[in-house]
Amino acid sequence: MNRNEALSFLRNHQPMPDDCDLTQELIDKYDEVRKFFIANPDKEVISLFLTSYGNGDGWGVYQLVEDVFYKCHFDDVVLEIKKILENPSIADSVRYWVTQVSAAFSDSKLKKGLEISLNSENEDIRDAAQLSLDMMDN
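The sequence shown begins at 0 in numbering that gives the first Met the number 0 and counts up one residue at a time.
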């Protein structure tokens, strides 16, 4: 796999299918792309990964995507999280996972977007937002 193939895969899977529609082949490819960008950090993939989350947990792979962000510059990750969280029309699947990720990149710049998440109709999103805000206050 090379950078262009990995980027193409991410661009074509915005977002990934819901868990009930995933195939082993597709989630394996997603995981391969994830591992590629852990080994080859790239600022361009931050937003692509953040908007790639489908409904569910990606058969356990979505939890591991955060490792890609740890390889990137903190401020770049915060900026992309901020953009997504402040978009009120973002899909709930994306909002949930990005709200979760925000806890690991705690920054006051995320407060406005987390407040949008805090007002979600989805209880899981609200809980994740509250956790992130609580971590920010400590």
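These are computed hints drawn from the structure, not numbers from a lab. Please note that a few of the clues may not be correct.
[To be verified] Per label pair, the in silico range of CB-to-CB distance: (1) 125 - 0: 14 to 24 Å; (2) 27 - 2: 26 to 36 Å; (3) 107 - 19: 30 to 40 Å; (4) 63 - 20: 18 to 28 Å; (5) 134 - 24: 14 to 24 Å; (6) 125 - 82: 30 to 40 Å; (7) 16 - 82: 33 to 43 Å; (8) 121 - 3: 15 to 25 Å; (9) 0 - 62: 30 to 40 Å; (10) 125 - 56: 31 to 41 Å; (11) 4 - 87: 12 to 22 Å; (12) 130 - 3: 13 to 23 Å; (13) 137 - 62: 39 to 49 Å; (14) 41 - 16: 20 to 30 Å.
Values in this document were obtained by computation on a predicted structure and should not be read as measured data. Using N, Cα and C, we set each Cβ at its ideal position, and we do this for glycine too.
Hints, one by one, checked against the model:
As the Cβ distance of residue 125 to residue 0 is approximately 38 Å, the hint placing it in 14 to 24 Å is violated. A C-beta distance of roughly 19 Å is found between residue 27 and residue 2, which places it outside the suggested range of 26 to 36 Å. At about 38 Å, the beta-carbon gap between residue 107 and residue 19 stays in the expected band of 30 to 40 Å. Our hint of 18 to 28 Å for residue 63 and residue 20 holds, since their Cβ atoms are close to 20 Å apart.
Judged by the Cβ atoms, the range 14 to 24 Å given for residue 134 and residue 24 is violated: they are separated by roughly 37 Å. Distance hint for residue 125 and residue 82: a CB-CB separation of about 21 Å, inconsistent with the stated range 30 to 40 Å. A C-beta distance of roughly 24 Å is found between residue 16 and residue 82, which places it outside the suggested range of 33 to 43 Å. Look at residue 121 against residue 3: about 35 Å separates their beta carbons, and that is not inside 15 to 25 Å.
Taken as a hint, the range 30 to 40 Å is violated for the pair residue 0 and residue 62, whose Cβ atoms sit roughly 22 Å apart. Between residue 125 and residue 56 the beta carbons are some 18 Å apart, a value that contradicts the proposed interval 31 to 41 Å. Separated by about 33 Å at the C-beta atoms, residue 4 and residue 87 break the suggested range of 12 to 22 Å. For the pair residue 130 and residue 3, the supplied restraint of 13 to 23 Å is violated, since their beta-carbon distance comes to about 37 Å.
The beta-carbon spacing between residue 137 and residue 62, approximately 23 Å, falls outside the hinted interval of 39 to 49 Å. Taken as a hint, the range 20 to 30 Å holds for the pair residue 41 and residue 16, whose Cβ atoms sit roughly 24 Å apart.
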